[in-house]
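Make a model of the complete structure from these sequences and hints.
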Amino acid sequence: DQQVKQNSPSLSVQEGRISILNCDYTNSMFDYFLWYKKYPAEGPTFLISISSIKDKNEDGRFTVFLNKSAKHLSLHIVPSQPGDSAVYFCAASDQAGTALIFGKGTTLSVSS
Amino acid sequence: GAGVSQSPRYKVAKRGQDVALRCDPISGHVSLFWYQQALGQGPEFLTYFQNEAQLDKSGLPSDRFFAERPEGSVSTLKIQRTQQEDSAVYLCASSLVPGGYYEQYFGPGTRLTVT
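So the protein sequences, as listed, match chains A and B.
Each residue of the first sequence is one higher than the one before, counting from 1 in our numbering.
Each residue of the second sequence is one higher than the one before, counting from 1 in our numbering.
Hints were generated in silico from the structure; no laboratory data involved.
Take these hints with a grain of salt, some might be off.
[Claimed, not checked] Covered, in the sense of this in silico footprint (three residues per stretch, anywhere, with C-beta under 8 angstroms from a C-beta of chain A), are these stretches of chain B:
1) 74-88
2) 104-112
[Stated by the list, open to error] Residues from chain B that face chain A, not an exhaustive set, calculated with beta carbons under 10 angstroms:
3) V4
4) Q37
5) Q41
6) S58
7) F65
[Unchecked claim] According to the in silico footprint, chain B covers these stretches of chain A (three or more CB under 8 angstroms from chain B):
8) 10-22
9) 28-41
10) 45-59
11) 99-112
From the three backbone atoms N, C-alpha and C, an ideal C-beta is built for every residue, glycine too.
If you want it as structure tokens, here you go:
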């Protein structure tokens with residue numbers, strides 16, 4: 001049973017618009033969440049994280065929102081750029097854990 | 001500032017052969033992780049080292065998989081008697097602090113194809 005779910009395999013957005021990538025989790029022990037971006041033939045690159053004591057974290061064009069009661073988080077990219085086209089993975093961890101638990105990823109395509 | 005490096009980048013093995021995959025983590029990083037990524041999936045945890053100690057190997061799929069980090073830096077993942085289901089990208093990640101509760105920095109991966 002998947003503990004971290006990214007239900008949209010793909011998303012297409014026009015350059016300059018907002019991209020919203022969603023992630024749901026089932027394990028209530030998770031309290032630290034991360035987003036990674038992956039280009040073909042490269043490893044995942046860390047983008048942004050959020051701990052459960054916060055409901056929002058911003059870094060430039062990237063903002064992550066956390067809704068603990070709904071066990072849902074989302075990544076907003078504003079404005080989207082063609083270079084943002086990649087696979088985005090949501091990952092989660094808990095304080096006792098030794099691994100990140102990843103979703104299956106969402107492929108974002110930003111067209112110019 | 002070198003990142004995590006892995007070698008080889010690509011490996012083709014005949015079924016039944018043994019393979020060894022190498023990971024050079026970021027210098028000074030205490031934690032080292034191995035993940036397996038099948039096509040269309042997210043990375044899945046295999047094993048975790050804190051310095052030279054292998055503290056969690058719960059994700060290793062069978063006793064054909066073995067990992068070591070003898071001096072607390074470079075790590076090797078060995079797969080004995082490879083099977084077709086072992087075909088995947090093997091990712092290594094390192095982290096500055098102990099445990100999985102922090103950002104992990106990934107290498108480019110080794111793509112293993114078993115024929």
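Hints and how they fare:
Given a C-beta distance limit of less than 8 angstroms, the hint that chain A covers the region 74-88 of chain B is violated, as 0 residues qualify and 3 are needed. Coverage of the region 104-112 of chain B by chain A holds. Counting CB-CB distances below 8 angstroms, 6 residues qualify, and the rule asks for three or more. For the restraint placing V4/B at the interface with chain A, the shortest Cβ-Cβ distance is roughly 7 angstroms, inside the 10 angstroms limit, so the hint holds. For Q37/B, the interface hint holds, the least distance from its beta-carbon to any beta-carbon of chain A being 9 angstroms, beneath 10 angstroms.
The beta carbon of Q41/B comes within 6 angstroms of a beta carbon in chain A, closer than 10 angstroms, and the hint placing it at the interface holds. Interface hint at S58/B: satisfied, since its Cβ lies 8 angstroms from the closest Cβ of chain A, which is below the 10 angstroms cut-off. Residue-level restraint check for F65/B is violated (minimum Cβ-Cβ distance to chain A is 15 angstroms; threshold 10 angstroms). With a threshold of 8 angstroms between beta carbons, the proposed coverage of the region 10-22 of chain A by chain B is violated, since 0 of its residues qualify and at least three are required.
For a cut-off of 8 angstroms, the count of residues in the region 28-41 of chain A with a CB near a CB of chain B stands at 4, and the three-residue condition holds. With 3 residues carrying a beta carbon less than 8 angstroms from a beta carbon of chain B, the region 45-59 of chain A meets the three-residue requirement, and the given coverage holds. Check on the region 99-112 of chain A: 7 of its residues sit with their Cβ under 8 angstroms from a Cβ of chain B, so the three-residue criterion for coverage holds.
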